[in-house]
Amino acid sequence: MASKVRVELERDYVLDLYFRETTGQYSYTLLLNDRRVLGWDNAKHHPDLQNAPHHFHKSDGGIESSTLTGKPVEDIKIVADKINDFFKLFGVE
Numbered sequence: 001m002a003s004k005v006r007v008e009l010e011r012d013y014v015l016d017l018y019f020r021e022t023t024g025q026y027s028y029t030l031l032l033n034d035r036r037v038l039g040w041d042n043a044k045h046h047p048d049l050q051n052a053p054h055h056f057h058k059s060d061g062g063i064e065s066s067t068l069t070g071k072p073v074e075d076i077k078i079v080a081d082k083i084n085d086f087f088k089l090f091g092v093e
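Residue 31 in the numbering used here sits at position 31 of the sequence shown; the count goes up by one each step and never skips.
Each hint should be verified, as a subset may be incorrect.
Derived DSS-like pairs (lysine-lysine); straight-line CA-CA distance at most 27 angstroms [said to hold, decoys possible]:
hint	residue 1	residue 2
1	K58	K82
2	K4	K82
3	K88	K44
4	K44	K82
5	K58	K77
6	K82	K71
7	K58	K44
8	K77	K88
9	K71	K58
10	K58	K4
11	K44	K71
12	K4	K44
13	K4	K71
14	K77	K4
15	K58	K88
Just so you know, the hints here were simulated from the structure itself, not pulled from any lab data.
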């Protein structure tokens with residue numbers, strides 16, 4: 001069973017949360033006007049990263065290893081903190 005939630009945030013930002021319990025697949029994506037700003041997922045397309053398949057899509061388009069583990073209850077705190085840091089950096093309140 002898969003769960004998908006869309007959360008509307010300030011200034012037209014949207015956070016999409018996706019988790020499929022049977023496979024452990026997840027994706028957390030911060031969007032602005034339907035364009036990814038930040039994103040975390042565990043798709044297996046970056047096997048060279050330290051914590052593969054967990055990775056982070058940065059706002060500049062770069063990709064780096066992620067500290068997420070695929071446990072939504074724990075991971076959502078990391079995602080929320082990173083989004084809050086991003087908003088502070090760019091003056092979104």
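Evaluation of the provided hints:
no.: 1; hint: K58 x K82; verdict: holds, 11 angstroms
no.: 2; hint: K4 x K82; verdict: holds, 20 angstroms
no.: 3; hint: K88 x K44; verdict: violated, 31 angstroms
no.: 4; hint: K44 x K82; verdict: holds, 22 angstroms
no.: 5; hint: K58 x K77; verdict: holds, 17 angstroms
no.: 6; hint: K82 x K71; verdict: holds, 17 angstroms
no.: 7; hint: K58 x K44; verdict: holds, 17 angstroms
no.: 8; hint: K77 x K88; verdict: holds, 16 angstroms
no.: 9; hint: K71 x K58; verdict: holds, 21 angstroms
no.: 10; hint: K58 x K4; verdict: holds, 22 angstroms
no.: 11; hint: K44 x K71; verdict: holds, 17 angstroms
no.: 12; hint: K4 x K44; verdict: holds, 20 angstroms
no.: 13; hint: K4 x K71; verdict: holds, 15 angstroms
no.: 14; hint: K77 x K4; verdict: holds, 17 angstroms
no.: 15; hint: K58 x K88; verdict: holds, 16 angstroms
The earlier numbered hint that this structure contradicts is number 3, and it is the only one.
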